[in-house]
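Protein chains in written order, with the numbering used here: chain X, 179 to 500; chain B, 179 to 500.
Hints were generated in silico from the structure; no laboratory data involved. Possibly wrong hints are sitting among the right ones.
Copies of the same chain look alike in the list, so a pair counts if it fits in one copy or across any two.
SDA-like mimics (lysine to any residue), calculated; alpha carbons at most 20 Å apart, straight line [unchecked claim]:
1. Lys468 with Gly326
2. Lys451 with Ala435
3. Lys400 with Ile448
4. Lys466 with Gln356
5. Lys468 with Cys353
6. Lys400 with Asn325
7. Lys459 with Ser206
8. Lys304 with Arg234
9. Lys268 with Pro477
10. Lys268 with Arg215
11. Lys304 with Phe217
12. Lys459 with Asn352
13. Lys470 with His333
14. Lys466 with Gly357
15. Lys459 with Tyr226
16. Lys207 with Thr190
17. Lys400 with Arg387
18. Lys304 with Ser277
19. Lys212 with Pro261
Number of protein chains: 2
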Amino acid sequence: MNTVLAIDIGGTYTKVGIVGEQGEILGSKVFDTKAKRPFTDFQKDLLYNINGLLGRLDKAAQPQAIGIGAPNANSLTGNIENPPNLNWGKETPIVDVISKAFGLPVFIANDANASALGELKFGLGKGMRNFVVLTLGTGLGSGIIVNGRLLLGAHAQAGEIGHVNVDPMGRYCNCGLQGCLETYASVTGIKRTVFELIAEMREASPLRRIGFEDLTGEDIAKAAIDGDLLARRAFDITADILGRKMADTVAHLDPEAFILGGGLSKAGDILLKPVKASMEKNLFVAYKGKIKVYLSDAPRNAAILGPAALAWEHISETSGLE
Amino acid sequence: MNTVLAIDIGGTYTKVGIVGEQGEILGSKVFDTKAKRPFTDFQKDLLYNINGLLGRLDKAAQPQAIGIGAPNANSLTGNIENPPNLNWGKETPIVDVISKAFGLPVFIANDANASALGELKFGLGKGMRNFVVLTLGTGLGSGIIVNGRLLLGAHAQAGEIGHVNVDPMGRYCNCGLQGCLETYASVTGIKRTVFELIAEMREASPLRRIGFEDLTGEDIAKAAIDGDLLARRAFDITADILGRKMADTVAHLDPEAFILGGGLSKAGDILLKPVKASMEKNLFVAYKGKIKVYLSDAPRNAAILGPAALAWEHISETSGLE
Numbered sequence: 179m180n181t182v183l184a185i186d187i188g189g190t191y192t193k194v195g196i197v198g199e200q201g202e203i204l205g206s207k208v209f210d211t212k213a214k215r216p217f218t219d220f221q222k223d224l225l226y227n228i229n230g231l232l233g234r235l236d237k238a239a240q241p242q243a244i245g246i247g248a249p250n251a252n253s254l255t256g257n258i259e260n261p262p263n264l265n266w267g268k269e270t271p272i273v274d275v276i277s278k279a280f281g282l283p284v285f286i287a288n289d290a291n292a293s294a295l296g297e298l299k300f301g302l303g304k305g306m307r308n309f310v311v312l313t314l315g316t317g318l319g320s321g322i323i324v325n326g327r328l329l330l331g332a333h334a335q336a337g338e339i340g341h342v343n344v345d346p347m348g349r350y351c352n353c354g355l356q357g358c359l360e361t362y363a364s365v366t367g368i369k370r371t372v373f374e375l376i377a378e379m380r381e382a383s384p385l386r387r388i389g390f391e392d393l394t395g396e397d398i399a400k401a402a403i404d405g406d407l408l409a410r411r412a413f414d415i416t417a418d419i420l421g422r423k424m425a426d427t428v429a430h431l432d433p434e435a436f437i438l439g440g441g442l443s444k445a446g447d448i449l450l451k452p453v454k455a456s457m458e459k460n461l462f463v464a465y466k467g468k469i470k471v472y473l474s475d476a477p478r479n480a481a482i483l484g485p486a487a488l489a490w491e492h493i494s495e496t497s498g499l500e
Numbered sequence: 179m180n181t182v183l184a185i186d187i188g189g190t191y192t193k194v195g196i197v198g199e200q201g202e203i204l205g206s207k208v209f210d211t212k213a214k215r216p217f218t219d220f221q222k223d224l225l226y227n228i229n230g231l232l233g234r235l236d237k238a239a240q241p242q243a244i245g246i247g248a249p250n251a252n253s254l255t256g257n258i259e260n261p262p263n264l265n266w267g268k269e270t271p272i273v274d275v276i277s278k279a280f281g282l283p284v285f286i287a288n289d290a291n292a293s294a295l296g297e298l299k300f301g302l303g304k305g306m307r308n309f310v311v312l313t314l315g316t317g318l319g320s321g322i323i324v325n326g327r328l329l330l331g332a333h334a335q336a337g338e339i340g341h342v343n344v345d346p347m348g349r350y351c352n353c354g355l356q357g358c359l360e361t362y363a364s365v366t367g368i369k370r371t372v373f374e375l376i377a378e379m380r381e382a383s384p385l386r387r388i389g390f391e392d393l394t395g396e397d398i399a400k401a402a403i404d405g406d407l408l409a410r411r412a413f414d415i416t417a418d419i420l421g422r423k424m425a426d427t428v429a430h431l432d433p434e435a436f437i438l439g440g441g442l443s444k445a446g447d448i449l450l451k452p453v454k455a456s457m458e459k460n461l462f463v464a465y466k467g468k469i470k471v472y473l474s475d476a477p478r479n480a481a482i483l484g485p486a487a488l489a490w491e492h493i494s495e496t497s498g499l500e
């Protein structure tokens, strides 16, 4: 059986897996990224886990290529560059390290771009040629598919929709700008909105008992589903802003659909319905009624399907199958 | 010599021309669109002018295809749909009419998309594979080139950057939305800004003597170049808003460059310098220092080069030359 090795590097966990061409997961492992450590320590854990996986595989199922999804990955240089959530410094030559260790072709993409490729090959994007994936997690990541291919742009940095501007005088963003979309429409963003509303509103809410660092997206979603007014308003504000900016994205790309993933998307209809309504209201007339919005149905442990799709894309290209 | 017939339909003038593959203009004619008349009247003038052109051509130079650039053109249906500035009704089957009249393959694109193709084949976009054309005229039109091709999107309506949102409570737009970019960054937009400033400021200005309908972009540019404070402030406000929204476009597309055309771009450095500064200030860190901004150097009478490039693109495709 033909397989690839997929590596998904996150700020908290790193996942590695062996993946077949239909998305079959032949084996996988998860370990703590321990983001505060230097890269050389992480490298040891990564190689140890991969070798563990490969050791249990049939010879016939050994991977033919490796795909990596990582925050702040540059697909042109093969480096991870200035990751704000990993203590690895300016440039980490991850592709070089992995290709030397395993003697296989290695491909890298930033994590949200890899997710978009995963949706295209294995998920809701199958059969679509133009769509946008937004991952609403700690930040807001995005991957754009145009004509059935990942949009890279002139410097392979296309798709940073988390940093379009909502309000020039708005919230401070980790990137140094002010008012970026991800400071509103992400798990961190809705937490900031909850705290604004706690200051502003008078209504009782279970969320008033939780500190900022402890508050989770699940807490807010649960409160909203239970009818908590403050949590509901937080979702409505978040959805209103996200929908407006999705309308701007449509005015650029005219996609068939958006696929929303990441922690915040787990809230389901309490997010989806007002997002759709806000987007639709703000769409330019030529697009009204034409743009679909889905919540990703990828299970959380499917994070390796993105990097797997990246590796498969390159194998197919090289062998001339596509 | 191989040629194409190019038709550029504007709200005021319509231009037709015979164009070679290097952009040589073998002949051209301009006539009043007379936008208030029904389409059948326009059709008579159009056919009369085209036949006049063709009659003077060598047999060897007769065109092989026809390209049309028009406002609100739908390249999938071949119709012009609900043009706000032409009194032609809901759907005008222009491609059908022209192909029946001349028995040649006919291709249509909205005017700004045709401009982008013109820049790609004959203008500043030669040799670039990813760029964005913004035409700052009565409205703000846009055409997006991705990987050397015009970005169409899922419904062939990509590139309506004039309708991204600047301010949800902002100016009313002809499209029915509020706060669209083209209500600020276009000839009409800067006129609105001038009138806001006349109301707000106390300083004398030659622009105070001109009524809204008579005021032109040239008036404002001339006053600004002469040092008029109000006109300068109008350019600075316009450039600040445009630059901010160009930064959002970069966060989607990561283009190599923007090419600014249309009436407002004739103001030169008085527009270009503050636009560049505002865009640069608002760029996400990954893009800083990487994105170029040019003013189109296409002469005004070169409007037919866009539709010509559209026709050439399709001829090249069919013959397998590209």
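Inset, instruction - Go through the copies and call it for lysine 304 and arginine 234: within, between, both or neither, with a Cα cutoff of 20 Å. - result: Close neither inside one copy (31 Å) nor across copies (53 Å); limit 20 Å.
Inset, instruction - Give the relationship of lysine 466 and glycine 357 under a CA distance limit of 20 Å: within one copy only, between copies only, both, or neither. - result: between (27 Å within a copy, 17 Å between copies)
Legend entry - Identical-chain pair category, lysine 470 with histidine 333, by Cα at 20 Å: between (29 Å within a copy, 12 Å between copies)
Inset, instruction - Could you figure out if lysine 268 and arginine 215 sit no more than 20 Å apart (CA to CA) within one copy, between two copies, both or neither? - result: Answer is within: at 14 Å inside a copy they meet the 20 Å cutoff, but 63 Å across does not.
Inset, instruction - Classify it for me, lysine 400 with arginine 387: is the Cα-Cα distance of at most 20 Å met within a copy, between copies, both or neither? - result: Classified as within: same-chain Cα gap 14 Å, cross-chain 62 Å, threshold 20 Å.
Legend entry - Up to 20 Å CA-CA - glutamine 356 versus lysine 466, copy category: between (30 Å within a copy, 15 Å between copies)
Inset, instruction - Measure nothing new, just compare the shortest in-copy and cross-copy C-alpha distances for lysine 459 and asparagine 352 to 20 Å and report within, between, both or neither. - result: Between copies only: 16 Å across, 30 Å inside.
Legend entry - Intra- versus inter-copy proximity for asparagine 325 and lysine 400 (alpha-carbon distance at most 20 Å): Intra 38 Å, inter 44 Å, cutoff 20 Å: neither.
Inset, instruction - With 20 Å as the alpha-carbon cut-off, assign the pair lysine 207 and threonine 190 to within, between, both or neither. - result: Within one copy only: 14 Å inside, 66 Å across.
Legend entry - Up to 20 Å CA-CA - isoleucine 448 versus lysine 400, copy category: within (10 Å within a copy, 54 Å between copies)
Inset, instruction - Could you place lysine 304 and serine 277 in one of the four classes (within, between, both, neither) given a Cα distance threshold of 20 Å? - result: neither (30 Å within a copy, 37 Å between copies)
Legend entry - Same-copy or cross-copy closeness of lysine 459 to serine 206 [CA-CA at most 20 Å]: neither (43 Å within a copy, 44 Å between copies)
When each numbered hint is compared with the structure, violations occur for hints 6, 7, 8, 9, 11, 15, 18.
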